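Q: Below are the chains, spelled out letter by letter.
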Amino acid sequence: MPANKQFATFFLNGLFFGVEVLKVQEVIRYQEMTRVPIAPAMIEGLINLRGQIIMAIDLRRRLEMPVRAEGQLPMNVVVRTDDGAVSLLVDEIGDVVEIEEDTYERLPETISGVARELIRGVYKLKERLLLILDTEKTVSLPAALTKGA
Amino acid sequence: MDEITKEFLVESYENIDRLDRDLVALEKDPHAKDTLASIFRTIHTLKGTSGFLGFGKLEAVAHVGENLLSKLRDGVLTVNPEITSALLATVDAVRWMLGQIEGTGSPGEKDFPELIELLTRLNDGKCVEPSAAAPAALPSATVAIQPAQTVIAPVPAISSPPPAEFEPVVVAAPASAPAPTPVPVAAPAAAMTSVPPPHPEPAPASGESTESRGSAVSDSSIRVDVGLLDKLMNLVGELVLARNQVLQFTSQSADSAFLATSQRLNLITTELQGSVMKTRMQPIGNVWGKLPRVVRDLAAACGKEVRIEMEGKETELDKTIIEAIKDPLTHIVRNSVDHGIERPETRLERKKPAEGCLKMRAYHEGGQVNIEITDDGGGIDLERVKQKAVQKGLITTEQATRMSEHEALHLIFLPGFSTAEKITNVSGRGVGMDVVKTNIEKIGGTVDLQSRPGEGTTLKIKIPLTLAIIPALVITSGGDRFAIPQVNLLELVRLESEQARKQIEFIHGAPVYRLRGQLLPLVHLNRELKFASATAAASASDVEAVNIVVVQADGHPFGLVVDKINDTEEIVVKPLGKQLKGVTSFAGATIMGDGRVALILDVLGLAQGASVVTTVRDRSLLDAAAQLRKPADTRQALLLFDAGQGSRMAIPLSMVARLEEFALTSVEHAGAQEVVRYRGQILPLIRIAKHVPAVSAAADARPEMMQVVVYSEEGRSVGLVVGRICDIVQEVITVKRHAHGNGIYGSVVIQDKVTDLLDVQAVIRAADPSFYPSKPAVLLAA
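Going down the list, the sequences are from chains A and B.
According to the numbering used here, the first sequence is numbered sequentially starting from 1.
According to the numbering used here, the second sequence is numbered sequentially starting from 1001.
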């Protein structure tokens, strides 16, 4: 079934996102983390994942969305990247969905900014749209940010 | 058997096993270019290495195989079962020889001539038989001769006994090239089929025993991916933390079974940690290995004769450290050969052997590894070093003349320094020893230099065994814990609120603290890390005690003001992701005993962030200059005190016997003289305020207690009552002004403030003329 792909899904600011299921190492509930002072704000902190230190990136900040409401604990979607595992903080976890390739469409031109950069495309599901996140791009922060700080 | 041979055997056995597989695969798919290329490379490597190690016969066999393979690779020949068998037979022969090498340790044993002879016969067979057998029917026949040809040429040469291992090959190559015509009709097919038959005889015969031995070597060591070792290391680190947590519980438990188990866990974990650490260790010889070549080439280029001696090659170091010292070591060695060791004629003039000697020595000492690089060259010409430094504007002439030997030696570590007269490809670019020093300091090491003119130079490097686990000080700032590597740490200073308010001064808003007379710039960690509470904390510091962690970055000490100092701990350093590369304030992260992550501060990055070392180089030079200037003068320890009414005065510390504090109630009177009983004697007290006109004789600030400086001379003592003892400073004093006669010897500038120097004798004489019975006043030595 090469035509069908599986995606791990999650919610972020009301939007429905997905990343390829093979890229996801695990999903864990909110973890205590150590903040990293003077780092870009989107770096939420460092988590100890069974002895491995993993950086958590707040996807809301990364995608320049409004900050999560006070008291709302994010979930960790730990993804594998070329540079080791990185945790993406999301609002809520969805199911793993299997999608037919023919519902895919490229991102409409009207979407600009960070979203354009990080969202690879859209799958038109029956009830909603699934936005596919490019994990590699998401975890490599803009050069300007990593330098300045 | 030496290390290299062993490695060669292990590697070769691996390669040969692969050859077997590859050859069979090749037979199935003769056009698999990749497989063929791989086989060729393997045989080529084998040939090269065995030649390098002096196993001439092995090399010859490999050479034969290689020639055939190169034809196959170039497509001149195609693989057929005969060729494959021949190659497999070659592999068997190689394996057999490896067994011999492993067993006997050298290729000169009796079995070798037989084998070579066998191969020779085999090769002879190639050209002898075909003449009878095959008329060259195939069009490819003529070309096929070439490999056969090369085979023939070298082998007889080689079979003539050992020493000349290299010659045959050299001879063989040209011989084969022009050869094709002479024996034109050697049919390839026949030649090849003739290869295997003679073979089976020797190979299986001895093969069994050697094969089993071969596996002994390769079984005793395996290649492991470094990534896997790192992972093991991580896991062990975690285990150590878990063990620590378990051990914490033991203190609350009385269950003897639990105690015994945790004790066992403790021991095993410690041992495991040690063993895993060991897997990352490599002998320093691995880095040294290439140095003889470097020295040889360089010596030749410089027209020098240099011999290199190594001691302690087996000293083990963590892999990461080995990597880190590779370049610095090479640089030092190059320097020694280029600058240190003289030309042969000069050496002979100096009554030294023409051949210079470079000695490398490595040994463990106190948990560190010491590496010494000694040459018996001309030593460092201090005058020339100084001259060059002045010429390059690194120091002033004045500084140069005042410099001590040790300081002058260390000039070579200044950036931009080089004594080379002209820039060569070897050295003289002025990028050198400073980089060496920085690189070694980066891994927590130190470099020291000793040089005796005419006798040589010794460079001593001290480096830690490992970087993976380091001792660190854990502190708290802004509610989070941070680790400061112990190597950066100088000392800890705690100022209570009162002291803090007084002793932290500000220069244009920048806080500084006087640490034993030296200005220590202070950096508030909270502010550096931009914690929201930074300003609040700063004002709060007026109330609470201030903790200063004195650290050193690139030779600059500075004080890091932190909220709390916790403890020292061994931490496992883990790198941060690339996303945090730009944040220079952190060197990595670690997991603390409670499982939470703590960041490791990068003191240098922090210092740069806080502009402690912004103009790094300039500042360091200025400071170095300042440092250098001081010792040249006579520094004097001075006791600073407040004589009352805030007038600062000083007396040489050498004149102070003790500092005492007396309650006013203990003061008695002997005539008009105030006295106290002190150590069984009567100590007359002199109120400085009364005898020094410059100080207005006002009421003492603290009437209930008196600060007294006890001055002794020839068994008699007198107590000088001062307002408050301030500090003891090391200063170079130059008396600025003589104010005769009123108890003040002169004025000096101490810590940028004008301070009066008390003329102790004059004051005592004025107060108690009988104190100096006959002696004339001794002038205060300045």
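Treat the hints with caution; some may be incorrect.
[Stated by the list, open to error] Ranges of calculated distance between the beta carbons of each label pair, as one might list FRET restraints:
#1 B:Ser1220 x A:Gly121: 51 to 59 Å
#2 A:Leu22 x B:Lys1578: 55 to 63 Å
#3 B:His1508 x A:Leu22: 55 to 63 Å
#4 B:Arg1021 x A:Gly14: 55 to 63 Å
#5 A:Leu22 x B:Val1224: 56 to 64 Å
#6 A:Glu26 x B:Lys1442: 41 to 49 Å
#7 A:Glu26 x B:Ser1220: 37 to 45 Å
#8 A:Glu26 x B:Asp1297: 29 to 37 Å
#9 A:Ile93 x B:Thr1320: 35 to 43 Å
#10 A:Leu15 x B:Val1224: 54 to 62 Å
#11 B:His1508 x A:Ile93: 35 to 43 Å
#12 A:Asn4 x B:Arg1264: 51 to 59 Å
[What the hints assert, rightly or not] The calculated BS3-like cross-link candidates involving lysine-lysine, where the alpha carbons are at most 30 Å apart (straight line), are:
#13 B:Lys1278 x B:Lys1359
#14 B:Lys1442 x B:Lys1578
#15 B:Lys1231 x B:Lys1530
#16 B:Lys1351 x B:Lys1278
#17 B:Lys1530 x A:Lys137
#18 B:Lys1462 x B:Lys1530
#19 B:Lys1231 x B:Lys1359
#20 A:Lys23 x B:Lys1530
#21 B:Lys1442 x B:Lys1352
#22 B:Lys1319 x B:Lys1351
#23 A:Lys137 x B:Lys1231
#24 B:Lys1006 x B:Lys1290
#25 A:Lys137 x B:Lys1278
#26 B:Lys1278 x B:Lys1578
#27 A:Lys23 x A:Lys137
#28 B:Lys1326 x B:Lys1028
#29 B:Lys1006 x A:Lys23
#30 B:Lys1462 x A:Lys137
#31 A:Lys23 x B:Lys1231
#32 B:Lys1319 x B:Lys1530
#33 B:Lys1442 x B:Lys1460
It should be emphasised that the hints constitute simulated quantities derived from the structure, not laboratory data.
Just so we're clear, the structure is a prediction, and the values are computed from it rather than from any experiment.
We treat Cβ as the ideally placed atom computed from N, Cα and C, and that holds for glycine.
Q: Going through the earlier hints one by one, which of them does the structure break, listed in rising order?
A: Hints 2, 5, 6, 8, 10, 11, 15, 16, 18, 19, 20, 21, 22, 25, 28, 29, 30, 32 contradicted; others consistent.
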